Structure formats: structure tokens, C-alpha cells
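In the numbering used here, the protein residues as written are 1 to 379.
It is worth saying that the hints were derived from the structure and are not from the lab. If you're wondering where the values come from, they're calculated on a predicted model, not measured in any experiment. Every residue gets a Cβ at the ideal spot worked out from N, C-alpha and C, and that includes glycine. A portion of the hints provided could be inaccurate.
Label-pair distances were calculated between CB atoms; the ranges are [as the list claims (entries may be wrong)]: (1) Ala194 - Lys225: 35 to 41 Å; (2) Glu38 - Arg218: 32 to 38 Å; (3) Arg371 - Lys308: 52 to 58 Å; (4) Val54 - Ala144: 23 to 29 Å; (5) Ser377 - Gln297: 17 to 23 Å; (6) Arg218 - Gly115: 20 to 26 Å; (7) Ala301 - Asn87: 51 to 57 Å; (8) Ala373 - Val270: 35 to 41 Å; (9) Arg371 - Val270: 20 to 26 Å; (10) Leu253 - Ala373: 50 to 56 Å; (11) Ala24 - Ala259: 48 to 54 Å.
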Amino acid sequence: MVAPYQTAASALRYRLAPDEAARAAIEATFTDYHLMMEVLDAIVSEKNIGSNLVALHAHAYDAIRQRTRLPSRLVTLGLRDRIDYRNAQVARLPLDEKLVNIKTATTLTLGTALGRVSIPFDVAGYAQGWNYNAPACLIQRDGAFEIHFGVTPNLPPEQENVMVPETILSRVGRLISGIAHVAIDKAEDSNKTAVVQQAIREIEEAEQTARADLAQARAGDYRLKARRSEIEKDLADLATKIRTAITETRDDLAEAGIARQLDLEAQLEVLSKALADNDEVIEANVTSLHAVRSALQDAEARLADLKKSEAAAATQAMPAALRQSADSITRTERASRAIARTTGVPAGGVASLQGIDELSALHRDKEIADRLAKLKSQT
1 MVAPYQTAAS
11 ALRYRLAPDE
21 AARAAIEATF
31 TDYHLMMEVL
41 DAIVSEKNIG
51 SNLVALHAHA
61 YDAIRQRTRL
71 PSRLVTLGLR
81 DRIDYRNAQV
91 ARLPLDEKLV
101 NIKTATTLTL
111 GTALGRVSIP
121 FDVAGYAQGW
131 NYNAPACLIQ
141 RDGAFEIHFG
151 VTPNLPPEQE
161 NVMVPETILS
171 RVGRLISGIA
181 HVAIDKAEDS
191 NKTAVVQQAI
201 REIEEAEQTA
211 RADLAQARAG
221 DYRLKARRSE
231 IEKDLADLAT
241 KIRTAITETR
251 DDLAEAGIAR
261 QLDLEAQLEV
271 LSKALADNDE
281 VIEANVTSLH
291 AVRSALQDAE
301 ARLADLKKSE
311 AAAATQAMPA
321 ALRQSADSIT
331 RTERASRAIA
341 RTTGVPAGGV
351 ASLQGIDELS
361 ALHRDKEIAD
371 RLAKLKSQT
């Protein structure tokens with residue numbers, strides 16, 4: 001995949017095979033993206049801001065998020081895409097690594113207006129490259145969908161060896177795949193329990209990382225919004241003072257006030273972009289926390305099953321006098337797991353009793369309520 005806003009010599013074509021739900025999500029995204037372009041055209045005409053990307057972001061970003069269901073990243077890419085979109089010969093959407101992610105050799109995930117969907121694909125070969133305003137694009141043609149990734153063949157060795165840092169989401173995905181039954185079964189019989197125990201430790205470390213990153217992002221969100229409020233208050237005060245200066249025919253003071261307004265507006269535009277990026281970080285870490293909890297429960301259930309099978313095998317080899325004691329321990333473990341299922345907290349040490357923090361719980365409850373309301377509206 002090439003870096004954004006570069007020229008790609010070729011495009012690698014992935015032909016998608018979406019199911020009914022995924023197809024509806026893709027079509028909804030195209031519909032909302034077209035609406036976004038109409039909103040942009042109206043704002044450009046009304047504000048007379050031409051191709052000024054900074055001004056376009058300041059005036060249009062919030063309006064688009066309110067009127068469409070597009071992911072924030074697609075809105076940001078779309079601001080750069082306005083002119084190219086009108087000149088395109090086919091319907092297409094810009095994508096980057098946050099919107100499309102190759103999961104397996106035959107499956108990818110795609111961010112859409114209706115949430116993230118998983119879609120099977122086939123590699124369909126290569127197409128002619130073009131000047132990308134994003135590393136990839138989603139193309140709709142004759143009712144079919146393809147994703148084209150910009151590629152540059154025959155990269156120099158120093159470019160081929162560049163490693164992409166592991167994000168929290170990719171780390172969680174790696175850990176989840178590591179506790180799959182197939183992955184565990186590949187271990188030697190004597191090592192299976194140790195493999196799962198190590199997986200649990202890594203998952204707990206990933207949870208701590210996601211919590212720390214989320215806390216940092218939340219703190220950043222507070223600081224950015226506080227500064228934005230200060231600037232908006234200063235702009236309101238300046239507007240009043242400028243009108244007073246004009247009334248008093250003090251053009252020199254009015255010009256100084258307007259110059260200060262322009263400086264503050266530039267800061268406001270940068271803050272809006274920073275807030276949008278920070279929202280994506282928060283969303284990624286909340287998603288990671290949900291996935292981590294699910295993975296941890298699966299891993300602990302797998303570990304309990306392994307220990308149970310090992311204990312059963314050992315009990316068969318015990319003298320009759322010791323078997324009763326082993327049965328007592330097994331009953332204690334079953335009671336512990338029953339308590340864990342009832343409370344929703346996995347059995348274990350004090351650290352595991354902390355659970356997912358209140359922010360994550362509230363976010364998940366809201367997602368459940370929203371999905372329930374949506375399903376009710378469709379019946």
C-alpha cells in the first residue's frame with residue numbers, strides 16, 4: 001500500500017463478495033458520501049472559500065457529521081476528494097488503513113455508514129494506477145464492488161523492509177487469533193495450558209495499554225475542548241469590539257481586531273482537526289477494551305477446560321483414597337466459575353475484578369440500546 005497523496009503505478013484489485021447486510025452498508029455509504037459532496041458544494045458556494053482545505057474543514061466538517069452517518073476518517077478524506085469526485089468516471093470512495101483492513105487471505109473489514117462490516121474477497125489482478133488522494137478506493141460498477149490498492153512494483157530494498165508499528169487494534173486481533181482452538185491445538189499436549197496462560201497474561205497487558213491510551217485520549221479531549229471554548233469566547237468578544245470600533249470610525253482598531261480574529265480562526269481549525277483525530281483514537285481504544293474482555297473470557301474458559309481435562313486424567317490414575325479429595329477441589333472450581341458467570345467477572349485475582357471501566361460499560365450499553373432501537377424500527 002502506498003502512502004497517501006502519492007502516485008501509484010498500478011492498482012491491486014480486490015473483488016468483494018458482500019452478503020446482503022454488507023451490501024446495504026456499502027450502498028448506504030455511497031449515498032451518504034454523495035450527500036456529503038452536495039453539502040460541500042453548497043458551503044463552498046455560500047462561504048466563497050474555493051479550495052481552501054483548512055477553511056473547508058472548519059465550515060463543513062461538523063455539518064457533514066451531523067447530516068450523514070459517515071465515519072469521521074471518510075469525512076476527512078472526502079474534504080480533499082471534492083474536486084476529483086466530480087471528475088471521476090465511476091462511483092468511488094477514498095479509503096485508507098483505518099477504513100479498510102485485510103484480516104485474512106480471503107476476508108477484509110470495511111468502515112461504512114452503518115458500522116464496520118466483514119466482507120470476503122477475491123484477488124482480481126491489477127489495474128492501471130492513478131494519482132491517489134488516498135492509499136485505496138472503493139469502486140462501484142454495474143452493481144459490483146471492488147477495492148483498489150495503490151501499489152508500486154519493484155520497491156527498493158530499503159522500502160520493502162520498513163515495518164509498520166503495531167496498533168492497539170491489530171495487537172488485540174493478534175491476541176484473539178492466538179487463543180483460537182486451532183492455534184492452541186497446534187501446541188504440544190504438555191504445553192497447551194502454558195500457552196493459554198501466557199495468552200491470558202498478554203491479553204491483560206493489552207487491556208492495561210488500552211486503558212492507559214483511552215485515559216490519555218480522554219484527557220486530551222478535555223484539553224482540546226477547553227481551549228476551543230476559550231477561542232470561541234475570544235472570537236465573540238472580538239466581534240463585539242470590532243463592531244464598536246467601526247461605529248466609532250476607528251478603522252485602525254477594527255483592522256487590528258480582524259487580524260486577531262483570523263489568527264484565532266486558524267487555531268480553531270487546527271483544533272477541530274485534532275479533535276476529530278482524537279475521537280478516532282478514543283473509538284479505537286473503546287473497541288479494543290470490548291474485544292479484550294471477550295478474548296479474556298474465552299481464554300479463561302479454554303484454560304478451565306484444559307485444567308478440567310488434565311485433572312480428570314490425573315484422577316483416573318489416583319488411588320481411590322485420594323480421588324475424593326480431587327473431587328472436592330473440582331467442585332470448588334465449578335462453584336468459582338458459577339460465581340464468575342453470575343457476576344460477569346472472570347474467576348481469578350484482584351486485578352481481574354476491576355473489569356471494564358465505567359466509560360467502556362456505558363459505551364457498550366449505549367451501543368446495545370441503539371441497536372435494539374434500530375431493530376425495533378425495522379419491524
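Checked hints:
1. Ala194 - Lys225: 35 to 41 Å: Check failed, 47 Å falls outside 35 to 41 Å.
2. Glu38 - Arg218: 32 to 38 Å: holds, 34 Å
3. Arg371 - Lys308: 52 to 58 Å: violated, 35 Å
4. Val54 - Ala144: 23 to 29 Å: violated, 37 Å
5. Ser377 - Gln297: 17 to 23 Å: Since the Cβ atoms of Ser377 and Gln297 sit about 31 Å apart, the hinted range of 17 to 23 Å is violated.
6. Arg218 - Gly115: 20 to 26 Å: holds, 22 Å
7. Ala301 - Asn87: 51 to 57 Å: This hint holds: roughly 54 Å between Cβ atoms.
8. Ala373 - Val270: 35 to 41 Å: This hint holds: roughly 36 Å between Cβ atoms.
9. Arg371 - Val270: 20 to 26 Å: This hint is violated: roughly 35 Å between Cβ atoms.
10. Leu253 - Ala373: 50 to 56 Å: Distance hint for Leu253, Ala373 holds at roughly 54 Å.
11. Ala24 - Ala259: 48 to 54 Å: Hint holds: Cβ distance 51 Å, inside 48 to 54 Å.
In terms of the numbered hints stated before, the structure departs from hints 1, 3, 4, 5 and 9, listed from lowest to highest.
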